[in-house]
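Residues per chain are reported as follows:
Protein chains: 4
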Amino acid sequence: MKTLRHEEEDVVKPEKLHVGIIGAGRIGRVHAESLAFRLPESRIVAITDVSPAAAEQVAARCGIPRVAASSAEILADPAIQAVLICSSTDTHATLITQAAQADKHIFCEKPIAFCLHQIDAALAAVKQAGVKLQIGFNRRFDANFMRVRHAIQTGEIGAPSLMHIISRDPAPPPLDYIRVSGGIFTDMTIHDFDMARFLIGDEVEEIYTAAGVMVDPEIGKLGDLDTALTVLRFRNGVIGTIDNSRRAAYGYDQRVEVLGSKGKIATENCYPNQAVVSTAQSVYSDLPLNFFMERYQASFTSELASFVAAVLEDKDTAVTGQDGRAPVVMALAARKSFEERRPVRLAEVG
Amino acid sequence: MKTLRHEEEDVVKPEKLHVGIIGAGRIGRVHAESLAFRLPESRIVAITDVSPAAAEQVAARCGIPRVAASSAEILADPAIQAVLICSSTDTHATLITQAAQADKHIFCEKPIAFCLHQIDAALAAVKQAGVKLQIGFNRRFDANFMRVRHAIQTGEIGAPSLMHIISRDPAPPPLDYIRVSGGIFTDMTIHDFDMARFLIGDEVEEIYTAAGVMVDPEIGKLGDLDTALTVLRFRNGVIGTIDNSRRAAYGYDQRVEVLGSKGKIATENCYPNQAVVSTAQSVYSDLPLNFFMERYQASFTSELASFVAAVLEDKDTAVTGQDGRAPVVMALAARKSFEERRPVRLAEVG
Amino acid sequence: MKTLRHEEEDVVKPEKLHVGIIGAGRIGRVHAESLAFRLPESRIVAITDVSPAAAEQVAARCGIPRVAASSAEILADPAIQAVLICSSTDTHATLITQAAQADKHIFCEKPIAFCLHQIDAALAAVKQAGVKLQIGFNRRFDANFMRVRHAIQTGEIGAPSLMHIISRDPAPPPLDYIRVSGGIFTDMTIHDFDMARFLIGDEVEEIYTAAGVMVDPEIGKLGDLDTALTVLRFRNGVIGTIDNSRRAAYGYDQRVEVLGSKGKIATENCYPNQAVVSTAQSVYSDLPLNFFMERYQASFTSELASFVAAVLEDKDTAVTGQDGRAPVVMALAARKSFEERRPVRLAEVG
Amino acid sequence: MKTLRHEEEDVVKPEKLHVGIIGAGRIGRVHAESLAFRLPESRIVAITDVSPAAAEQVAARCGIPRVAASSAEILADPAIQAVLICSSTDTHATLITQAAQADKHIFCEKPIAFCLHQIDAALAAVKQAGVKLQIGFNRRFDANFMRVRHAIQTGEIGAPSLMHIISRDPAPPPLDYIRVSGGIFTDMTIHDFDMARFLIGDEVEEIYTAAGVMVDPEIGKLGDLDTALTVLRFRNGVIGTIDNSRRAAYGYDQRVEVLGSKGKIATENCYPNQAVVSTAQSVYSDLPLNFFMERYQASFTSELASFVAAVLEDKDTAVTGQDGRAPVVMALAARKSFEERRPVRLAEVG
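Chains as they are written, first to last, in the numbering used here: chain A, -2 to 347; chain B, -2 to 347; chain C, -2 to 347; chain D, -2 to 347.
Be aware that a few hints might be false.
Note that identical chains are pooled: a pair holds if it fits in a single copy or bridges any two copies.
EDC-like, lysine to aspartate or glutamate: derived pairs with alpha carbons at most 20 Å apart [claimed, not checked]:
id	residue 1	residue 2
1	Lys333	Glu203
2	Lys107	Glu153
3	Lys259	Asp283
4	Lys124	Asp313
5	Lys13	Asp313
6	Lys259	Glu345
7	Lys107	Glu336
8	Lys13	Glu30
9	Lys259	Asp213
10	Lys259	Glu215
Treat the hints as calculated values from the structure; they're not laboratory data.
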């Protein structure tokens, strides 16, 4: 990307970042809206999708001037400086490689791939091209979790020793999705694996997982799990747990807690309002924000703002390719631990 | 506004609402951004300000195609269907009248005026023109307060009997602002007078105010107050209080509580995150969202969405001209009560 | 009481305080249990009641060796150093006077009397005898309210400006009680009048009351009120409110909040446990501690511990005779304000 | 204990339970005070301790008529129906056996012993004698944890799937105590093992423990741990965790959370008051109740009330001998899991 950097040296104020979007599904639309309506530093040049109608719809909504016929057309466009890869997971690694070879900066949804070989090939291509890569772990940009990381980084709670992540979905996804998702660890826990590394700022060495099918036997028939408790042992000694359930009857539940030598920090779940009603029956409040689109609305925008700024100001991205690889290794270890009923060192799988 | 309604009859989907903005100060910019970035059903045609540079800046930021030389130019533009009046308070009533005569729908910041004659003249012009008018009491669109009103309207807490509004600013405004603001009741409590009517859904008959200068003696020297406790007696018997202070050291504080025959509903203040830190000294969390721009960000957008929808779908606006007049009457009664140290009936002043 | 003080000079460790109890109703039994089971520094010598059976029952429960035939017998017993006056309100002032004349230290339930002349006569007798007198405003010993007072006294929240007391009963008392209670201000608000003085540490100058019958029309027919909002203006400028309702459907509700120049302190209501349940319907917790016996259990013991210590160690009591008189004056002013629909200065009634 | 039961058949109202106390250390004194001051259904006949001075002191404080020279003297006293074993852990099993043989009902502090053979011998003696035995797992009587168990037993949150116990001490005990305590699992986690069984109402099959020395290296030098995360797998499929740290800088921390098919229930920690202070720096409250004496004050009394009632009314005790054995098995499994870095089935050790 010498071109862009040269341009930056020439102009005082960088141009808007020209972006192409590959994939116009749910997450592609969310990102398109963020860029179009909330990030004036960017400009969407084109969008494409395997369903042209989906791409047309997002283009109309967000004022995107062109619907491209294919990702190849996007990557071939010299006016496009960066691409957002929002297509299905099985295409991520290949598209990263192709985009890097086309000298585009890359924002890619998680996970990069289920297979470490594919990930490593993609990351090698990125490295060789010298382009920027950011992985879509949006929860890092949530105000609550940033506050926790801040407390750890600044020593506000001293040296961390125990960490807990609660991460529960309101309801299981459709069985058709379960069938292709790669399993609970790759599909759901992967966000929490990233969160664990993000909060503690260190690598995990060993994982032990106890899990089961407690929500829906149909999930078990497909070979997946719906309830999992994962114990992480970090290089620096910190012991962490991740509590996952595919069903919390009360709604989406996303909390963390860290104990340190000087104290603890814990975050409550997020609610649509702060009203509390007291009646003759009970003291109650409304259910939490139901799912990730409501809960992480702001962080979806923030992660793109961070990516746009990283490219325009030539800084490191906030979530690197290695940050995309590590949670996949952890997911493999968690699955192996569950299957072999023993703690598994990441070195065994990664 | 027959024109627009005729157009609506002809087309299945209404056109975007074409808007002109009068006033490019802080609130004008907030509204421009909401329309430009978050309300695709609207289109800003032009903006004007007594400072052309301010108008230019907002136009550039929000992609507004034209900076008009004056409000007259805005009102004369046949392509503009609705105007946002965001200029200084002393111009509101006149601009409402002129806009109504120009057959524009009107969104006007509060208060309409300090003087009831001016308000009544403006409302008469609106009525005669048959245009829509919405007053900028944005707090009605806050998720917390909407939840409280919902509890009262649906009977969730039974018949209301006691109501409390806490409304404290983080710090007094500059003395220059105090000098022209019309006083604490017109400037600050007016929002709470509106909230009281909104929540209880009834009119206030009598007001008693105890107030003083406890924050800054300079405010007292200018003839204003900085701390006020106002007791409201509603027509339906409900007794309410409004607690106002121009300084809450911990930041902006906006809460309400209502007791009813079946229970109570109370809202907590709003905070930037849900993190709680426990150390050897105390259990603490971060300060609340500091001021109205942070706290009411979403409600500023919602009130405009409501206005745009009211015009496009030809519905009543959510905050009427009468809703703009009533709090001014209450402010006059509160001031009179303070001065005469006695409860004052609204009939005496309104 | 020179006798006791002489004894104290002679011995290193004071003897147990020998107590007689006049009145074996609900509050008499509570105090008897505190002395018998939780305050080893005291010894109950005798108890009496207009119903001998009631006195017998408490004596059996608490191991009290003697049931006296009358208060006169208690007051005549030279072995008794202090008396607890727990009989009906109309007997308080007379019994205080008699006890003082009998050289007994006195703990008396609130209110001393409804009539200032009777109060003043009783206090004069106490002063002349030089005995100690403590009034049963037990809420002063509640951990929450002590914490608030501490924040004000130490300057933790700076100079106070606004104060709110919420004090709601779960349900109205029987109409037979209403008939003789002296009215809501003397019966219920009196505790809050004391709390206001206790928290702010200053005297009230003026009171304005808005009140009504919103709970039960039968209460109104008896000439009483069931809902009252009282505004207090303290000598030091602080403005306070007291919110009273004879019915909070969710249970007993006792909270305070004070705003000061450096911040605020607010107390939540008290609950039987800290459990929160989240289901598909709502996030809820159990109702608050239902009434004063549960809520103020600890403070009932603490006030007696304080009284026992004040006598044994010859210190001032925590709640003086003047502290018993002032709230009665405030109750008279509140009633007058309600009747005359205007603010009333305490100097007018006290 | 036929004697007592025969007596009960003869009299309508049972006599007071006559109790002897063995051990006058901290916990012996707490129990003596509960019996003496708060449980009128009991009568302490005698107390003994290896330090006669300690026994004298408690006897004086609690009005116990006799200080016995030895536990043998207590057990030989025909007037004593029940004994409280509050002596050091290494004496528990032997004293249980002796007390059973002496036909006394038994309340014994936890743990019964570190060795399963000793436990089994003691329980066999109890069984043979037909006396009642209750183990001192007082936390079962805490209002919070009883509420959680209630939610599970009644189906309020549906079938449980995940459970978390947080149990952290404010500071490590003295190293001299660590030296003889039997290690963190027997000394500290044992309460949580009991809590886990109590809440879920089922037995644990397998345990995995990750632990370390993160608080004080001196603890590690003594062969003990100070930080431990234990994963429990229950027979019914529930997965649980126990978070233990010997140091929470902010004070004692005792919480649980259970997720079920219909929702979750979670308990907050316990605080000395409900006051929240908001200043220009932060929003804060006082530290939690510092340690178990404050936190579990009420439950210490409740467990004895339960024991006294079980004996007087000839009911099963609330915490049986088997309830005393199971947590010791779990502690052995946890230690073994830590040492062998693998999940350990309870069948391997118990």
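To see whether the hints hold, each was checked on the structure:
1. Lys333 to Glu203: both (11 Å within a copy, 18 Å between copies)
2. Lys107 to Glu153: neither (31 Å within a copy, 37 Å between copies)
3. Lys259 to Asp283: between (34 Å within a copy, 16 Å between copies)
4. Lys124 to Asp313: Cα proximity of Lys124 and Asp313: one copy only (13 Å, versus 59 Å across).
5. Lys13 to Asp313: within (18 Å within a copy, 41 Å between copies)
6. Lys259 to Glu345: Intra 34 Å, inter 38 Å, cutoff 20 Å: neither.
7. Lys107 to Glu336: Neither: 24 Å inside a copy, 37 Å across copies.
8. Lys13 to Glu30: both (16 Å within a copy, 18 Å between copies)
9. Lys259 to Asp213: Intra 42 Å, inter 13 Å, cutoff 20 Å: inter-copy only.
10. Lys259 to Glu215: So Lys259 and Glu215 pass the 20 Å test across copies only (19 Å; inside, 46 Å).
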